[in-house]
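> Residue numbers (my numbering), protein chains in the order written: chain L, 54 to 322; chain A, 832 to 981.
Treat the hints as calculated values from the structure; they're not laboratory data.
Here are the simulated distance ranges between beta carbons: (1) A/Arg917 with L/Leu122: 29 to 37 Å; (2) L/Ile261 with A/Asp902: 28 to 36 Å; (3) A/Glu945 with L/Pro123: 25 to 33 Å.
For each residue, glycine too, the CB sits at the ideal point set by N, CA and C.
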Amino acid sequence: MRAALATPAALLARADAALDDVVGRRGDVRAIALMRVLFGAIVIRHLWPDVRASVLPVERFHVPWWSWLPVPSPAAYRGLLWLGVAAGVGMILGLAARVATVTAFAVVGYLLFVDMTGFAHNRGFLVWILFGLSLVPTGGAFTVMNLTRRSGGGVPRTGSVQRVWPVLLLQVVVSSVYLTSGLTKLANPDWRSGLVLWDRVVRQRHLIPRLGADVQLLGDRSPPHMDGADDPAGIGDRRVTAVAHAAPAARSPRTGRHRAGFRARTMRK
Amino acid sequence: MPPRVRRVLAKVVLVGALAVHGVLLVRGGSDPHKLFGFRPFNESDAWQAEVVRVHADGTRHPVTDGTWAYDWDELVGTDKLRGLDRMRHASAGAPAGVDFLDRALDWIVDNIPEDPDTVALEARVTVRHNTRGPETVVLRSERSERAPSR
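Please model the entire structure based on the sequences and the hints provided.
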């Protein structure tokens, strides 16, 4: 009985010791500083459409994630947008980098929670990345001051070793995001059978030539459950059963360059 | 901040963040919007909706018949609810679109002061889940506060 009681306590002690080890680790954060710079640009890119918009989300139909969440006035919303852009610039230049990153995280997260209709998985991912970055002091690495002060590339050799447990947090988050995305598709019979992929490709087929790829449909098949009404390319009456079939590279008559081509196989019903 | 407190705080934030992330991942399975559930491109649904204004006398008028003082696409703003009169791909899955439309009907009917005749909005939604269907759902807004009580 005593041994049975001791086991959970021992497990907790081991877990605590492991956590101690994790939060005590130190490492070079210059790569994280570079990540901060890149995500500063992504923050600006994320907020810019709303900065330029004549009608803000709070001025039309919007859905706060929680009903109790205060919704800013249009003027306050616009102020937050500019604050977020300024924070993005601060992240890029390394001006008060930690404060800028925390501010960017708060602004991007809050504005996302204010309007659920603007949610997308990449935006949720951005919030997590900003959260992780806001926990890492990137010191003087990749700051505009160092770039102008130093002649050796602007990356200081000292002061860039910090506690790196937030990096581990981000590693777990990023890995689990892709793991979840993959596992849920594997658990979905329509994904395993290729139905989802087929339907998405057929519906978006008109976009594929813009990517520089050639698509060749071989034969037709009348689908059992599709009217093709939302299909701008008018190919809703064909069923593609396989997509990733590489075709020999064809030379573009317009540019003379070789273009990637792939052939989509279709089958008769 | 004392190192010991800093260390405890770091452990709390690390464990707390991972717990929240885990809960949101699991919750994404039952949430139509999959908020922070990270299940992109899991469906290839298509849907369309015929939205009508309901007047006090019971007559119904499509919002796209050209007689309305408002523009549906401007009112909803988000691309997820624009152009509903044609069968369109539901990028986030049809359940998310239907849920937003249900909420939008309530919001719009209370935010159209230039249209005193409309007392409610109604949507007849056709959904194809991964090419299957169609299934039809009828959504109705709350009765407008401007509507005379009966």
